[in-house]
Structure formats: C-alpha cells, structure tokens
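Each of the two chains sits in its own frame; use the hints to bring them together as a complex.
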Amino acid sequence: MSPLLPDERRWDLIRGTTGLLYLFLLLPLFVVVLVSFNPTQYPTFPPDGFSLTWYEAFLTSDRLLGALWNSLVVAAGSAVVAGVVGLVSALGFVRREFEYKNVLSSLLFLPMLISPVVIGVALTAFLTDVGMEKNYIFLILGHSTLVLPYVFVTVRAQLFGFDRSMEEAALTLGANELETFVEVTLPTIAPGLGAGMLLAFVISFGEFTATQFWVQPQTVTAPIEIYTMVRTSLTPKINAMATILMVITVGIPLLLDVLLGKELILKSA
Amino acid sequence: MSERHQRAADSADRTGFERYRYRLWTGVLRAEPVLRAIQALKRRERLLTAVQAGLGIAWMAVFLLAPLAYILALSFWQRGAGGVVVQEFALANYQSILLEDVQLLGWQIGNVYLLILWQSLKFGFLTTVTTLLLGYVPGYFLGRTQSKYRSLLLLLVVLPFWVPLIIRYYAWILVMGNEGMVTTILGWVGVESGGFLYTEVAVVTGLVQVLLPFMILPIYNSVAKIDDEFVESAKTMGATPLRAFYEVTLPLSLPGISAGSILVFILAVGSFMAPALLGGPANSMVANLISQTFGESFDWPLASAMAIVYLVVLFTLITVFNRFVGLEEVFGE
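Those protein sequence lines, which keep their order, are chains U and P. Residues 42 to 310 (our numbering) make up the first sequence, in order. Residues 215 to 547 (our numbering) make up the second sequence, in order.
Pulled out of the complex, with its shape left as it was, chain P reads as follows (with noise of 0.2 angstroms):
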C-alpha cells in the first residue's frame, strides 16, 4: 500500500466511512485497498457492537438466566436429609404445591400455595385499583398545572423512590400501630380502635402508598403530552367539561394508565416486606412463602417450584395484559 492509500486510510479510519466514498468517487483512492479497508473497519464496528450491546446480555445471562434455569432444574429435584438436594429428576414439588390439599387439625384448608398466590394477586388488583384511582388526580394536575413549582412538585413525587423500601414500609408501623398516629387522631375524634396494623387493610394502604409514584409518573406523562387545543375545540363544539374530559382527555391518557397499571400489580403481587412487616399470619403473600421455604425450611427444590409457578403465571398475566395494550409505553424509548 502507498503512504498516500496508508494517509487516506488513517484519516478514514477516524472519520468514517463517508470520506471514504467521497474519496473513491472521485477518483484519488483505487478500488481494491479500499474496499480491503472498508472490510476491516466493518469487523471492527462488529466487534464494537457486539463487545457493547454484549456486555449488559451477557451479564443478565449470567447473573439473572443461569440462577432462573438453574433454579428451574431445581424445581425437578428433591430435598434429602438434612436439606441436601438430590439431583432426582421428578415431579413431586409440583404434586405438591399444586394439586395436595393441606389438613390441619383435621380440617381440609385446601391447598396452601395456591391459596397464598391467589391472596397476591389479590392484593395487586386491589392495589392497582386504589392506585389508580388516587394516583390519576395528582397525574393529571402535574400534567396541566402551569405553577412555575411544577418540577420541585415532580421531585416529591420522585423523592420517596431514594428512601429504603424498608424505611417507608416501617413508617406505617408507627403511624398504624395501637399508639400510632391515627388512633390518637380518631380518638380524638371519638373513636375507639386498636389500631390497623397486621391486617388486609395494613398491606394494601401500604403497597399504594409505595406503589403510588408508579402510577402518578406515567399518567403524568400521557396528561402533558395532550394539546390544550383539543379540550378547547371540544369545549368550543358544545360539550360540557366533563363530557370533554370523558371524551378526550381520559382516552389520551390511556397509555399512561395501563402502562401504571401494569407496572404496580407487578411490583405489588411480588411484594415480600408489605405483607412481612404490615401484614398477620392470614396475609402472607407467594414471596413470603417462597422466602420461608427457602430461608428457614431449607427446602430449595420447592423453594424453586414455587418461584418457577409464580412466573408462569405472571408472566402469562403480562403476556395476556399485553395483547390488550402495548408494553412499549412501560419501557418504550
């Protein structure tokens, strides 16, 4: 190769493949070392894309697919004496928290597991719903208001992402609890109560009081991308405010809701420490059951079915929600 070709190659080397086409169009480079040139920096942008985009893959694959594969060979294998896993493929795990009915004290309780996920998703349909019903108003007003504190506002509704789950869970202890705040206030007010604490209602004032910024954020988006001008014409065409907002404005902002939606019942049917820390013994949900078979019977392969069953159906959930609406909007660029 020429110096002049090695010249041209190294200052296309750093400005790309443009200059050199403009180069070999007119006529200072010839064909053959260029082509050999434009060969190699295409291996080398393959290279690129594969060492960048590769780099995140390969750490999901790692330390997110292998130990979900892994735990689902699990699944199909036995607990030992002594919580040694026996690497016996079968199918007794499954047997037994899908299709076995528990007795206690001589009564049929059903079957425990399915109980429990049922109570989960449960408790994220209610979630979701409350969520969504106090979170559009807040939603919409941060989506229209004109206050120059429209940002410092959104930052408070960010804020509480940066406190410990832990922290904003335990806050409730002591604002629910028999001494906490809103016994004294109601009684104050006359009535007499031991307080909310490790009940249904604990759990699920906790989880939207958590889950309540995924909700308010994305309807919030939908909101401020809709055009003034399209409530106005509505408004100016004779429909009532309200009709107006029925007819315009909420189905505008219906990618907002379902992108919420989703992600709270997701975020809300996984929840351990909701139902750890606010919740009795009757309102376990799938995560504490998993993290007891797990943690304190030292059951692994059923640990894992339990895990492995919970994904399937959330995630034939998600499949099922997203044929009705886009998950874009959740993820979308």
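Okay, chain U solo, but in the shape it has when bound (with noise of 0.2 angstroms):
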C-alpha cells in the first residue's frame, strides 16, 4: 500500500497476496489427494510413484466402509430433520410478528457459537440420563441441532427476498393455502431449502468433536475411524478415505450443480 507506487501495481500486490492466500486455504487439501495416490507406507514429500493400494485396502475394509454407510445414514437423516424444522421456523421468523423475536432468533444460532464438546457433552448427559440409547436416532437429533442454524439462516435470506404478491395472485386465483405452498412457496425456496440442506448434509457427515461422545461401535462414522487412525497408526490409508469423503461433500455436489444446469452452488456464492 505505498504511496509511491502507481495503482496498478499497487492492485498487483492486492491479487498477488490474495492468490498466496487462496493456496494457503487450498494447497494442504491437494497434498491429501496427491499423497493418497503414493505406494508407500509413510507419507512423503514428493510422491514415489503412483499406485491404487491404499483405496484398495480402503474398499476391503468392512469396518470404514460400515463408517462410511453410517455417515451417510446419519448425515442424510440430519439434512431432512434440519431442512423440515428449519424452513418451518423460517417461515415463522420471518412472516409472523411477535415479541422477543431477535432473542429467539439468536436462540437458533447458539450452536454455532458453543463449542461442539460442551454440546456433545451435555446432550451426551441428558439424553442417556433420561433413558436413550445411542443409536442412529440419538446422532441424527444431535447432528440436526447442530446443522439447523444453517438451515435456517440460509432458507431465511431467500425468504426475505420473496415476493409475495405471487402467493396473493394464486390464492385469488383459487388454490387453497396449501395448494400456494406446494406449487408457489416452496419452488420459489428450493433454492434456499437445498443449499441449506445441503450444507446441513456436508456438515453433519463431517462432524467429528461432538460425534465422538455420542457413538457406540455400532454408529462410528467416518471422521472418527479417521481420527482413530490419526491417533494410533497414521496409516496411508486415512489418505485414501479422506480423498473418498472430499468427493462425497465436494466433487458430487459441484458436479450435480453443473450436470443438472440449475447452478445453486455457483450462484449462491
């Protein structure tokens, strides 16, 4: 930011940092994916060759394919709990009066801000004290609790910006109030909903730091054979699962966005 140089340069040194940054953000998710490829048995710098064998050994585990399966049961639960009681809450924030509504509305957004241990922790307490097992419905109410603030911000936005003058012009038209909602409201929300849910989906497959106090051998899911694998052997094959999930949260998104033409993704942003 020197007074001395002309703007443009000044602009380069703006876009050069900006880039440095970008490979900051990005640089150490390629390095999983370029070392996950590597044949041998400690990850090195750079890679010795090219070889399958640790997505082999991935794949012939039953117990990270049974985490996988897991993640995916409790994240595509969590998603569709979230989606429904976060555009319910949604519509009432932002459509209805009444009193005390921003400490409510803050009152969703509280998982965001406590740490995920003290939530696991005392839902962990809660929840087992009052009798509950846990199984795949004690993950799927936690991980939904901790995903509704996205759900529910994101579904928000796109309500503020509805018009509703198209709900009026169908009820007078003659469709009743739920005929309005099914073929006005919720197309004109999709957007919203999916990204939201979406997110929900990505964010509860993977939730880690509350997680761990809520599963039994039966329910482990994904990041958590992960961080066991971190804290004991640091095998290659964490390398491996960790490429599979990015494609799972990342890849298949971004390219049902593009595939389907609807751009959610890319617009929202």
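Check each hint, because a few of them may be wrong.
Pair ranges (Cβ atoms, derived) [stated by the list, open to error]:
no.: 1; chain 1: U; residue 1: Arg136; chain 2: P; residue 2: Leu249; range: 23 to 29 angstroms
no.: 2; chain 1: U; residue 1: Phe139; chain 2: P; residue 2: Gly324; range: 45 to 51 angstroms
no.: 3; chain 1: P; residue 1: Thr533; chain 2: U; residue 2: Thr169; range: 28 to 34 angstroms
no.: 4; chain 1: U; residue 1: Gly292; chain 2: P; residue 2: Gln309; range: 50 to 56 angstroms
no.: 5; chain 1: P; residue 1: Thr398; chain 2: U; residue 2: Ala117; range: 38 to 44 angstroms
no.: 6; chain 1: U; residue 1: Thr101; chain 2: P; residue 2: Leu464; range: 53 to 59 angstroms
no.: 7; chain 1: U; residue 1: Asn143; chain 2: P; residue 2: Leu305; range: 33 to 39 angstroms
Keep in mind that the hints were calculated from the coordinates and are not lab data. No residue lacks a Cβ here, since even glycine has one placed at the ideal position from N, Cα and C.
Okay, structure coming up:
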C-alpha cells in the first residue's frame, strides 16, 4: 500500500497476496489427494510413485465402509430433519410478528457459537440420563441441532427476498393455502432450502468433535475412524479415505450442480 | 349465518382481512358475523405463529437449553465410586477447578484448568489477529475486483467449509510433519528442521487456515458495500491513496472486521481438533480438557463445571465486545 507505487502496481500486490492466501487455503487439501496415490507406507513429499493400494485397502475394509455408511445415513437423516424444522421456523420468523423475536432467533444460532465439545457432553449427559440409547436416532437428533442454524439462515435469506404478490395471486385465483405453498412458495424458496440442506448434510457428514461422545461401536462414523487412525497408526489409508470423503462432500455436489444446470451452488456464492 | 355470509367468509378465508374490510366498508356484510370471522382468523394466525416459530424454539429448548441446564445441575453434584453421579449439592467441583493448585513431583504448577483456559484465550487471540491481518487483503480484493471470475473466487473461499474439518486439520500433519512438504522445501534451501508438528505454531497455523473464510467473507461483504465515489472523492480532494484507505475504506469496513473477529475468536477458543491433532500435550485447550474429563476420567460433574465456567467466561467476553460493536452484523438480516 505504499503511496509511491502507481495504482496498478498496488493492485498487483493485492492480487498477488490474495493468490498466495488461496494457495494457503487450498494447497493442504491437494496434498492429501496427491499423497493418497503414494505407494509407500509413510507419506512423503514429493510422492514416490502412483498406486491405488490404499484405495484398495479402504474398499476392502468392512470396518471403514461401515463407518462411511453410518455417516451417510446420519447426514441424510439430519439434513431432512433440519430441513423441515429449519424451513418451518424460518417461515415463522420471517412472516410473523411476535414478541422477543430477536432474542428467540439468536437462540437458533446458539449451536454455531457454543463449542461442539460442550454440546456433545451436555446432550450425552442429558439424553443418556433420560434413558435414550446411543443409536442412529441419537446421532440424528444431535446432528440436526448442530446444523439447524445453517438451514435456518439460508432459508431465511431466501424468504426475505420473496415477493408475496405471487402467493396472493395464487390465492385469488382459487388455490387453497396448501396448494399455494406447494405450488408457489416451495418452488421459489427451493434454491435456499436446497443449499441449506446440502450444507447441513456436508457438516453432519464431517462432524467429529461432538460426535465422538455420541457413537457406540456399531454407529461409529467416518470422521471418528479417521481420528482413531490418525491418533494410533497414521496409516496411508487415511489419505485414500479422506479423498473419497472429499469427493462425496465437494465433488458430487459440484458435479450435480453443473449437470442439472441449476447452478444453485455457483450462484449462491 | 346466511349462505351469502358463508360464501363471503369462505372467500375471505382465502384472501385475508383486506377483502373483509372492504366488504364491510361497502356494506355487503353485516358487522357481527364478520367480526366473529375475523376473530377466528386471528386465532388461526396466532396458532400458526406458535406452531411455525415455536418448532425451532422448542427444538433448541429440548436439545440445547435442557441439556445445558442439566449440566449446570450436574456441575453441583458429585462423582461417586465408579463414575456414578451422586446428587448432593456442593461447590466442590468449582473449588477444584478454580481454586486448587496442582502439585507435580513437588512442584507447584498452578491451577491446571485456569492455565488451560488462559491458553485457549491466548490461542484465540493469536488466531484472531493473524486471520484479520491475512484475511483483510483477500476480503478487500474480492470486494473491489471487477473480475468476471469473482463468484468463482468467492466459491473457492466457501468450498473448504464442505471438507470435513478433521481432513482440513489432518492435511497439516502431511504438510508440517517431519517428512512433510514444509520440511522438504526448507531442506532444499538448506534449512534443517524436524517439522513444526505438535507445537503452538502448528495449532495456530491450523486454526488460522480453517477459520480464515469466516474473516474473509464478512470483510468482503463490508468492502463490497462501499461506494466507489467515496474513495474517489477523497482522492480528488487531494488524499493520497493510503490516506483515502485509512480515512474512508477502513472505517467503512469496520462492521465486517468486527463480525469476522468475534466469530473467529469464539470458534478458535472452543476448538478441540486443532490442539488434539496438531498440538503436543502442552498445547491443550479447554475443549480437550473437558473431553478428557468427561470421556476418559468419567467425571461428568467435574467436566460439567468446566464447561459451565468456559461458557460463562466466553459469554462475558462476547457481551463486553457487544457493548463496543453490535453483533447484529454477524447474524443480522
């Protein structure tokens, strides 16, 4: 930002620094993908060759595949539950007036601010002491709580920009409220709901910190397995598994986005 | 009610009060049944409000507030033999985490909980300052650039959110480990090092990288809102570009700076994974201590007291911060 530099040079400096920070943000993830094809036992840089050994090891491990399956079930369940609860509450908070609205809406953001360790510990103590077992439902209830703020905030943003005259037109033309909601409201806010539920899926899928208190051997999720491997053996299977998880949470949504031509994700940014 | 009134009530049910008022005003309807219908509609509206907004509030009450209230109660109870909780009210847990010093091999090492809490706040502060210094530049760039790739560049900032957090921290083990990228590259230029893993530097680097998007995005939002004309007119009136930045751009981007800072600070202080994966035993943070006490020592009451003190400290800090800058910027509409 030296005043001696001409404007363009200063801008080049800002652009260059930004580029470096993008490298800092994204490069470590590329390293994981790169190293996952490395045949040797210890991760080395630069890689020693190309092999799919560790993918094979991952795909033949019932334990790891089971964990992946558990993660998919819990993430899908949480996205649906948080989607419904988030959509309904966003409708209530945007379209209706009531007292203490601001305070109450910050309640819905609280899970983002409280450390997941505290939420994990508190929910474990509470739910086990009221007699609940640590099963899928336990996990889905916990994860839905953690991801609800993300669905709420994206749907709410979409509702703020909603032109209600379309709903009024539908009502005037003889549709009842349910028809209007399904045929007019829902399609219009679908991008926000979709983006929110996708984010809910992705965050639930990768959640570790609170989840470590909520699992039992049969419901161990993929991030828990990764953590266990990191803490015990640092096996290269981690790299293969991590790459597959990234394909699921980043690759597939982006691909669908482009293929379906909706570009929800590209446009929501 | 006559058929005409019934029809009117039905159509009003579809189109709301306005149509009603109009018909009342034009004398199509008599007042009494209309008033009754309006009351019915109002009751229905109140019920819908309660159900819609109430669903999210009830969810948080059951799955967040009730569990927090429960650990508040737990924190005053005691751990009995074999980890069984004894429901006897006492302040013993708070005494042991706030007042008692720990002796190790004859050395007075101070109060472990308070030391670790202090260390968490320190890591949080270091992370916030570093992310602010690093994050302002890309935030400014994204807010000012005319590039047609701007939304793609924004997407790249958001994209890491989708990668499981554990993978983002794990990646640094590969980068900073003793045969990792950093060590290798430093070796090429003749600097020998055993890697940076399991140090304070590693913990803060991991936190900065993971939390950077939370700083970049609010700053981008603030900078993008600044009218070009403000900056240009400052320059026209003789301000150097640097002065124009200090006097115009920086103050106008303060909302983004404070929103990003408070968010990064809160998230950094509560971090479990950065110290667990990248730090050594000396770099523990409060989340690790709570987790260890709860999951490994099975002392639920003590872990609860630790969680409560952490929440009280954090929310006190947020409230103080909130007196200086509004938090609406973070969650505002």
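Hint check results:
Distance hint check: the CB atoms of Arg136 (chain U) and Leu249 (chain P) are about 24 angstroms apart, consistent with the given range 23 to 29 angstroms. Between Phe139 (chain U) and Gly324 (chain P) the CB atoms are about 49 angstroms apart, so this pair conforms to the stated range of 45 to 51 angstroms. Range check, Thr533 (chain P) to Thr169 (chain U): Cβ separation about 32 angstroms, and the 28 to 34 angstroms hint holds. At about 52 angstroms, the beta-carbon gap between Gly292 (chain U) and Gln309 (chain P) stays in the expected band of 50 to 56 angstroms.
Separated by about 41 angstroms at the C-beta atoms, Thr398 (chain P) and Ala117 (chain U) satisfy the suggested range of 38 to 44 angstroms. Hint check: Thr101 (chain U) to Leu464 (chain P), Cβ distance near 57 angstroms, so the stated range 53 to 59 angstroms holds. In this structure the supplied range 33 to 39 angstroms holds for Asn143 (chain U) paired with Leu305 (chain P), their Cβ-Cβ distance being about 35 angstroms.
Checked against the numbered hints given earlier, the structure satisfies every one of them.
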